[in-house]
Amino acid sequence: MKQRRVRPRLLMVSLLFLLPAFLFYAVFVLWPIIQTMWYSLYDWNGIDVATWVGLGNYVQIFTDSNLYGSILHSFFLIIFFSIMPIIVGLIVAVLIKDIKLKSVSSFVQVCLFLPRVIPGAAAGVAWTWMLADHGAINQILRSLGLGQFTHVWLGEQSVALGAVGIIGFWLQLGFCIVLLLSGIGGIDASLYEAASLDGAGWWRQLFAITLPGLRGQIGVCLTLTIVSALASFDIVYMSTQGGPGTSTMVPGVQVYRLAFTQQSVGLASALAVTLMVLVLLVVGPLQSLVNKKED
Amino acid sequence: MTISRISKVAISALSALAFIGSVAACAPGGTASSSNVKSEAASKDLGSEKITLTLWNGAGLKSFDEDLIKAFEAKYPNITVKGTWDPDNVSAQNGPRVISSADSPDVAAITDITSAVRGKHVISLEEYAKLYGWDIPESQTVYYRASSDGKVGAGDLYAVPDAVSMTGMYWNTKVAAQLGITEAPKSVEELEADMKLAKDAGITPMIMPAKEGGTSFIYQALWTNNSGKDVINNWILQKSGSSIDENGAVKAAEKIQEWAKAGYFSSDAVALDGTTALGRFNKGEGLFFPSGSWFSSSINEGLGADAGFFAYPGNTTDQAGSAASNAVTPYGIPANSKHKNAAAAFIDFTLSDEAQQLAVKHGYPAIMEGAWKSDNPVLNQILEAESGLVKANNTTNYINNATAAMQASGIIPNFQTLIDGSQAPAQFVQAIQKQWDSEVK
Numbered sequence: 001m002k003q004r005r006v007r008p009r010l011l012m013v014s015l016l017f018l019l020p021a022f023l024f025y026a027v028f029v030l031w032p033i034i035q036t037m038w039y040s041l042y043d044w045n046g047i048d049v050a051t052w053v054g055l056g057n058y059v060q061i062f063t064d065s066n067l068y069g070s071i072l073h074s075f076f077l078i079i080f081f082s083i084m085p086i087i088v089g090l091i092v093a094v095l096i097k098d099i100k101l102k103s104v105s106s107f108v109q110v111c112l113f114l115p116r117v118i119p120g121a122a123a124g125v126a127w128t129w130m131l132a133d134h135g136a137i138n139q140i141l142r143s144l145g146l147g148q149f150t151h152v153w154l155g156e157q158s159v160a161l162g163a164v165g166i167i168g169f170w171l172q173l174g175f176c177i178v179l180l181l182s183g184i185g186g187i188d189a190s191l192y193e194a195a196s197l198d199g200a201g202w203w204r205q206l207f208a209i210t211l212p213g214l215r216g217q218i219g220v221c222l223t224l225t226i227v228s229a230l231a232s233f234d235i236v237y238m239s240t241q242g243g244p245g246t247s248t249m250v251p252g253v254q255v256y257r258l259a260f261t262q263q264s265v266g267l268a269s270a271l272a273v274t275l276m277v278l279v280l281l282v283v284g285p286l287q288s289l290v291n292k293k294e295d
Numbered sequence: 001m002t003i004s005r006i007s008k009v010a011i012s013a014l015s016a017l018a019f020i021g022s023v024a025a026c027a028p029g030g031t032a033s034s035s036n037v038k039s040e041a042a043s044k045d046l047g048s049e050k051i052t053l054t055l056w057n058g059a060g061l062k063s064f065d066e067d068l069i070k071a072f073e074a075k076y077p078n079i080t081v082k083g084t085w086d087p088d089n090v091s092a093q094n095g096p097r098v099i100s101s102a103d104s105p106d107v108a109a110i111t112d113i114t115s116a117v118r119g120k121h122v123i124s125l126e127e128y129a130k131l132y133g134w135d136i137p138e139s140q141t142v143y144y145r146a147s148s149d150g151k152v153g154a155g156d157l158y159a160v161p162d163a164v165s166m167t168g169m170y171w172n173t174k175v176a177a178q179l180g181i182t183e184a185p186k187s188v189e190e191l192e193a194d195m196k197l198a199k200d201a202g203i204t205p206m207i208m209p210a211k212e213g214g215t216s217f218i219y220q221a222l223w224t225n226n227s228g229k230d231v232i233n234n235w236i237l238q239k240s241g242s243s244i245d246e247n248g249a250v251k252a253a254e255k256i257q258e259w260a261k262a263g264y265f266s267s268d269a270v271a272l273d274g275t276t277a278l279g280r281f282n283k284g285e286g287l288f289f290p291s292g293s294w295f296s297s298s299i300n301e302g303l304g305a306d307a308g309f310f311a312y313p314g315n316t317t318d319q320a321g322s323a324a325s326n327a328v329t330p331y332g333i334p335a336n337s338k339h340k341n342a343a344a345a346f347i348d349f350t351l352s353d354e355a356q357q358l359a360v361k362h363g364y365p366a367i368m369e370g371a372w373k374s375d376n377p378v379l380n381q382i383l384e385a386e387s388g389l390v391k392a393n394n395t396t397n398y399i400n401n402a403t404a405a406m407q408a409s410g411i412i413p414n415f416q417t418l419i420d421g422s423q424a425p426a427q428f429v430q431a432i433q434k435q436w437d438s439e440v441k
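In order, the protein sequences belong to chains A and B. So for the first sequence, this note's numbering puts the first residue at 1; every next one is plus one. So for the second sequence, this note's numbering puts the first residue at 1; every next one is plus one.
Source of the hints: derived by calculation from the structure; they are not laboratory data. None of these values were measured; they are calculated from a predicted model. All C-beta atoms, glycine included, are put in the ideal place defined by N, C-alpha and C. Misleading hints may appear alongside valid ones.
[What the hints assert, rightly or not] A few chain B residues facing chain A, derived, Cβ under 10 Å: (1) Gln93; (2) Glu127; (3) Ala129; (4) Lys130; (5) Ala269; (6) Thr276.
Next up, chain B with everything else stripped away, as it sits in the complex:
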């Protein structure tokens, strides 16, 4: 018998079986979860009984989390925290499964608030917020509030950010000095003038890792300049009727394409990944590097005193700068958590002065107000920029997080075609909006 005949038989047999399966069984999913969780009334009192609290997060945050855990265990001697950290490149994908499993962790990073709330996999933290009197800046909790059907932006609080990640522009002050640039640009116009100087001197004006969507940070700043932060935030929060297909967004895309055509980005931007881009910037191979607070330690190590950081400037010198900013880890309590009170105590602890200083020590801007200082001069510049932006109240969430697949299927491919010139700015925003429409229900 030939393979072809085998395959024919196999295909027909399999289709028949599949048909039977589909008729016999009910819809997939929805059968797991809800272990025997005893309900406990919200309380600050954790008693003296020995408790093992389980925690889940991404691997990049392990050392910060371990310091948090150590300090937390010192404060609550009867609680032991057992952490699990998934590799960062899969934590976003594993997140929804981890928090919905029957043996879910007691406290976990909530990677997708919408599906977590819609599926009732996390509990509302309102009672604990009142109990502990959490006073977190509204601009930082709005992304973690949701209505009971998973609409983010208003409603109960479902996760609490422990620290802030924020975008901004790194620059090499030594290279700048060689070009005669003495201070950071205060407007997009000044930024363009500086990039032209670099280009004419044969230095890469802006290192651009577009293989992984690194263009979105500076684009988002331009869009915020053009259209104001509410338009951007509404779109990220999936408010109905929101669209990126609007004038300010097209103008921002035109600017990006103009810069690409002028040769202001790395010549191989579309094939350049974030790690390689960081390596090049640390070797002094460029003037600007649009990125975020997460690289503060590596850039401090790489460039030392030559490293600088500033917030993305406004279109003109009198317009306030802006940044995309959200939680380093939005901690929430899965519905199947067995120690909800202890989990809430841990979340409360992350907001304490002691924990916030630990965040700064690990290179993450604190979320609570305070006179935080770091021995990393680059981070101090970030903290300074952050407090300015918080005062100006001009931060947005990341457009990359607007939908679950926005980064992979919207941002990355479409910025690549915008940069290589094969897609016009107007089509660019339409393509991004198409991805948004396909996922927002």
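With the rest of the complex left out, here is chain A:
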């Protein structure tokens, strides 16, 4: 891209046009973030005068296993919120593409997209019932003669985080499918024809044509689902509240609990800031990786 010199007058005018939007952005996005950073340096109960503690809250986050543990849990959730929906979504999207009947393929798309329309909190409640001891999941397992694999899914530390992850997978899958499908629609059909003539099979086409063609869409899917994994709140809050023990605690719920129950606004802010930095550190490089060739 060639650098073009912008005339100063034009620059002023364009900045003026930007001003209203920037003001909103500054007041409703930047200022709260700055305030959170500011609070994170204090020991504050949210009401009375705060005491300056410097980086003390951050030290606590990285030394208290309950606090950094919640961050590790949210990274584990990436497998369920992000990687699994994208892989499954890709396969399903390619299969849907091959459906010849338009009405059937739209029906399938609507069905798979439905979970996305349901709020996470509502999904959390519904799944709590399904994952209960006598819930749908265990009933299905028992009727298939797989009774030895039943669990109190949200009540056992070994499986609870995975069970919460499954709820996330269910919520994210539809979104990934729809986005990937739209990407597939944009790939030139003649490429597939040419590949078929050259004798490339289904898998070969997937890896040689579909995957490279979907680079941008996969990037968007990854970004949004990773953010929702790291910043998850509603599903965990409704289904386990972080339990059993602290086995499903995630930063979103922890921040809420610290700020509003324990009245440790400073510590909660520090955890929120840490989370924000981590999200940027993960999503930033990912973006540059995905967009590299298109620059």
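Given chain A, put chain B in place with the hints provided.
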């Protein structure tokens, strides 16, 4: 420009701004509050001027409060009470903010006495107590007395309980009869024998909502049996040197874990919430349900004549039973209240015979002595158990309220790991004590 570059720029810019902000501005908080409140001398005389009194409480108490308000307005025709009720799951979190705001209500539930007194957001009620001659049982006001720096347990009175909430054991007498159990257990040993009978018959011995910390009620009773109520109350009142890391508390935790291992609790206890647990008990799916007076109406509706209630028994038949008990609503007067005398008149009214009978009518044991009767037979059993416990003077406050986050960060997660066996009883009490230490200053 890639997002990564944008984010780098954004991070550095934001950190710079934050730094400037932190240097330029003073510490957060402490700037709000203190509206123009005219001071008025404590008086019973409310004059004849029209007064609108504002009240704040949790939504679960709305219908009781509305009856109180109606009766109060009939007695004081020049006063209109305007109530606001916050959803119960957020009222504890909103409480401190509500009473400290510049336009605070005139009379409000004081959800956290410590921070309210320390921040001077509520006024001392001593003058009004003398003026009206309040004579409330000491065991029920001790949690609402505090020194000026917010140490609860002694000092001025800052809130007045309007009625009592009390823990105890519900049981299904029909299921019990099928098992050959004819009377309520009078000792922990008898309770265990009954649970074994139920277990052997394939009935859930004790419905246990441990997703929300429901194990703490029966645990607290066991701890009281082992260590005596003063140890527990001192710990709840944050007396320095108090600790749950002591023999009796460990023994109580061992008992809970033993019961969990024996299969006496709901199989999915750790994932079971209170509402679902209540539903199961009302469907007849269990023998015992450790809970409290707040469920008396629902259980009366659900089980009718089959429902029973008894106080948690002592370790042996000659040891007195115990209960955790505190206020349904501890009403106090925020420092920014504009009508303090009228607010005090309302608090005084909640202690009147008329108001106390209203409490019983709504399913809450009365705080003042009297021959209260209810048409809810379950509540009558609770009232009977309560008067026995008041005589034996063996009630404590709730361990769940020992600190602001004790329930969420101490009780709930640690009872879950005690029940699923991943945490030993000795570590359990240490973990709870760690939470206490982190919040008690």
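Comparing the hints with the structure gives:
At a threshold of 10 Å, the smallest CB-CB gap from B:Gln93 to chain A is about 4 Å, leaving the interface hint in force. Interface restraint check: B:Glu127 against chain A, minimum CB-CB distance 25 Å, threshold 10 Å, status violated. Restraint check, B:Ala129 versus chain A: the minimum CB separation of about 26 Å is more than 10 Å; hint violated. Violation of the interface hint for B:Lys130 is found here, the shortest Cβ-Cβ separation to chain A being roughly 29 Å, above the 10 Å cut-off.
Interface restraint check: B:Ala269 against chain A, minimum CB-CB distance 7 Å, threshold 10 Å, status holds. Below 10 Å, beta-carbon pairs count as interface contacts, and B:Thr276 has one with chain A at about 8 Å; its hint therefore holds.
Hint violations for this structure: numbers 2, 3, 4, all remaining hints satisfied.
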